[in-house]
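There are 2 protein chains.
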Amino acid sequence: MSQLNPHMLSGIRILDLTRALAGPTCTRLFAEMGADVIKVEAAPDGDRTRLVSKMRNERGLYFVQQNLNKRSVAIDFSKPGGLDLVRELVPHCDVVVENYKPGVMKGMGLAYEDLKKLREDIILCSISALGQSGPLSHKPGYDYIAQAYAGVTSMIGPRDESPYIPLLGLGDVGTGVHAAFAIAASLLYRARTGRGQFLDIALLDCYYHAHEVNVHQFTASAGAMKPTRSGRHLTYLCPAGVFRGTSGDIVLMGFMHHWADVCAAMGRPELVTAPGWATDAERMPHFEEVIALIESWLQSFPDVDSAIAAFDAHGVPCAPVLSIEQTVSHPHFIERGTIRTIHDPVAGEFQIPGMPIKTSDFPANNDYVAPLLGEHNDEVLGSLLGKSTADIDALRVAGVLISKPY
Amino acid sequence: MSQLNPHMLSGIRILDLTRALAGPTCTRLFAEMGADVIKVEAAPDGDRTRLVSKMRNERGLYFVQQNLNKRSVAIDFSKPGGLDLVRELVPHCDVVVENYKPGVMKGMGLAYEDLKKLREDIILCSISALGQSGPLSHKPGYDYIAQAYAGVTSMIGPRDESPYIPLLGLGDVGTGVHAAFAIAASLLYRARTGRGQFLDIALLDCYYHAHEVNVHQFTASAGAMKPTRSGRHLTYLCPAGVFRGTSGDIVLMGFMHHWADVCAAMGRPELVTAPGWATDAERMPHFEEVIALIESWLQSFPDVDSAIAAFDAHGVPCAPVLSIEQTVSHPHFIERGTIRTIHDPVAGEFQIPGMPIKTSDFPANNDYVAPLLGEHNDEVLGSLLGKSTADIDALRVAGVLISKPY
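Chains as they are written, first to last, in our numbering: chain A, 191 to 596; chain B, 191 to 596.
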């Protein structure tokens with residue numbers, strides 16, 4: 191229990207049957223805010239992400255990042271009594287979170303109806319790629335599968351070529367946060383009514399949620415407007431997009447009331463009111479010319495930083511396209527804790543993204559560690575289930591409980 | 191109050207000082223789950239997104255989508271007594287949410303310390319692009335500004351060219367969900383301790399949160415690994431990415447244990463064990479050849495759907511890259527409520543993304559409408575603040591309260 195600290199969600203206990211990314215992100219948010227998250231991992235290796243980013247001493251850094259401050263109980267589900275241990279834990283937990291392929295929980299006797307018999311007010315949150323219902327729900331899923339179905343991939347890249355995919359876990363992480371909100375709302379509801387809940391959270395739905403304008407534009411125009419990818423610039427405001435600078439790229443949002451500031455920065459005040467330049471509607475038809483003008487001016491600077499400084503001096507919304515390398519040592523990231531250092535007992539020090547929830551009562555980035563496989567077998571089975579040392583030893587000898595030193 | 195229905199978060203009241211996308215997404219999630227969300231809008235036009243997607247009868251569909259089931263009170267902050275009305279509402283609300291540029295709330299006398307004097311246990315959630323602290327916090331921000339700083343933009347596009355930006359609100363919407371979770375956690379904390387909270391939620395932090403592997407790869411390798419964009423395919427697994435099919439694109443995740451299924455689908459069982467083809471590590475060095483093999487096979491199908499069916503028959507994780515147009519009528523989207531129809535009193539029927547939180551106790555997609563500007567002036571000031579009809583009329587005549595029929 192030494193990893194638990196007082197925080198906003200202290201006192202809540204979660205049975206965490208998740209692996210990979212979306213599910214572990216959801217439960218990690220709770221763990222970082224003080225909930226007791228018991229991660230039950232399956233033999234032989236536990237969460238398979240323990241095998242990813244094994245950069246130091248056999249420790250999977252991917253797993254570490256997504257599983258801070260959780261406790262690990264490792265069980266061979268195929269052994270007699272293995273799944274019984276999971277069922278025994280349910281009455282002690284407020285919430286069960288899982289991200290198996292739809293149907294697997296039922297096959298293990300852990301469907302919502304089964305769990306309700308173990309604890310009437312249980313909250314079960316099931317996270318999946320395409321959802322628990324609908325004709326596609328049976329399909330195997332990953333982040334990019336849901337992204338493609340959700341029409342998100344279709345909105346990234348040049349108009350007349352195949353699309354590109356973002357090389358990070360936007361969908362999985364975002365879905366984990368949706369699930370965390372859904373669970374917190376369910377806990378508030380339970381406190382008021384005593385009722386539990388089943389939550390069906392899909393990457394597809396969460397990705398689709400991000401279409402703030404595309405879906406209503408298409409449907410309300412009866413198909414006259416067909417939103418699609420169109421390159422590096424917005425299609426309804428100008429200038430707005432990615433601009434080539436010297437030795438790097440710059441994102442500029444210079445539309446509407448910002449245009450005057452862009453013109454001031456460029457020393458072209460006459461363009462604020464010049465015919466063909468004054469409004470977004472006037473600029474859009476010849477946006478290539480607008481882009482060329484700005485990019486030509488950007489080339490007059492020795493580097494991206496000096497161009498950004500010139501825009502900043504006039505209050506123009508702009509940003510350098512930072513590489514990962516540039517973010518990790520950036521003063522803003524360090525001061526805000528947008529990046530943080532992990533002190534892992536096996537892998538040593540390295541850095542990961544900071545906890546994105548910053549609160550006034552608690553520090554965001556605590557010195558959390560992630561559990562070794564099965565590290566808390568004895569602690570959890572002893573304290574929660576009242577198993578004796580002899581009972582636990584027998585389960586270990588029978589291979590029901592497993593553990594590893596990383 | 192007719193829009194309020196019993197739901198998970200009934201009984202919670204939110205003072206909503208947000209506009210545009212990230213803030214309204216946060217408060218809309220609460221409104222859709224039954225909280226009483228009082229959106230205070232500033233003269234002359236209220237939330238400026240009321241001017242976006244004005245496709246029918248002067249109604250801004252963008253605003254409708256992000257503000258379902260809220261109540262609108264419209265105030266001219268510049269008039270005497272305008273901000274006093276906002277302050278009078280604070281004691282009646284559990285939570286205040288705002289996404290002004292950092293410093294603006296303080297300038298209006300609505301900083302956290304000011305709000306605490308009005309209600310000791312108030313929860314204030316401030317949403318911004320780059321955060322309330324740090325050297326960049328003063329910069330004007332939009333989704334793509336935070337995305338560029340967060341190293342996200344740098345991970346999208348071809349390796350040797352400028353990056354692309356996704357044309358949807360991934361960062362704003364995702365940040366709104368982070369904020370919703372933070373608020374719900376704060377409400378659970380308040381219920382246990384009686385304490386309020388100040389929450390500082392930044393798009394920058396939420397975007398950076400999505401780097402599930404990039405940051406630790408760079409830092410733990412001491413810079414030997416420099417994650418960057420690399421086109422349409424993953425750099426550590428193969429095959430995994432966007433593949434050209436006949437008249438469309440296909441996302442295929444055919445790595446690790448899925449490779450055997452890919453080979454079976456293609457009728458090339460010998461490649462499961464052939465030297466140079468058996469493992470991801472063997473395939474990566476000649477990934478262009480692997481991609482060409484698969485794309486060549488895909489060209490043997492008349493269209494994307496038939497190729498997907500062939501992969502599906504072998505359990506291969508795959509998806510068509512659906513356009514927005516293809517999503518809105520897709521049977522899976524309709525059955526799950528991933529898409530839903532809005533019946534707007536001004537604009538009529540159109541479709542938007544469904545509520546992404548699906549729960550067992552309540553329907554996800556209720557027949558919600560968004561408020562007209564100032565629609566609930568009288569109702570809110572009368573019932574909550576005890577203003578008389580004469581008081582309210584005087585405020586209207588003085589131009590402190592405003593309203594519009596759309």
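Treat the hints as calculated values from the structure; they're not laboratory data. Treat the hints with caution; some may be incorrect.
A short, non-exhaustive set of chain A residues, derived as facing chain B with CB atoms under 10 Å [to be verified]: (1) HIS282; (2) CYS396; (3) GLY421.
One side of the interface only, derived from the structure: several residues of chain B facing chain A at Cβ under 10 Å [as the list claims (entries may be wrong)]: (4) ILE202; (5) MET245; (6) GLU248; (7) GLY361; (8) ASP362; (9) LEU378; (10) PRO507; (11) GLY527; (12) HIS533; (13) PRO535; (14) GLY572; (15) LEU574.
Yeah, the Cβ is synthetic: ideal placement off N, Cα and C, and Gly gets one too.
Okay, the hints, checked on the actual structure:
1. HIS282: A:HIS282 check fails; min Cβ-Cβ to chain B is 19 Å, beyond 10 Å.
2. CYS396: 5 Å, holds
3. GLY421: Because about 7 Å separates A:GLY421 from the closest Cβ in chain B, which is inside the 10 Å limit, the hint holds.
4. ILE202: Hint holds; B:ILE202 Cβ to chain A Cβ min 8 Å, cut 10 Å.
5. MET245: Cβ of B:MET245 sits 5 Å from chain A, so the hint holds.
6. GLU248: 13 Å, violated
7. GLY361: 9 Å, holds
8. ASP362: Where the cut-off is 10 Å and the nearest Cβ of chain A is about 7 Å from B:ASP362, the hint holds.
9. LEU378: At 6 Å from the nearest chain A Cβ, B:LEU378 passes the 10 Å test, so the hint holds.
10. PRO507: 4 Å, holds
11. GLY527: The hint holds - B:GLY527 has a Cβ within 10 Å of chain A, the shortest such distance being about 8 Å.
12. HIS533: 13 Å, violated
13. PRO535: 15 Å, violated
14. GLY572: Since the shortest Cβ distance to chain A is 27 Å, the answer is violated.
15. LEU574: Violated, about 21 Å.
Violated hints for the displayed structure, listed by number in ascending order: 1, 6, 12, 13, 14, 15.
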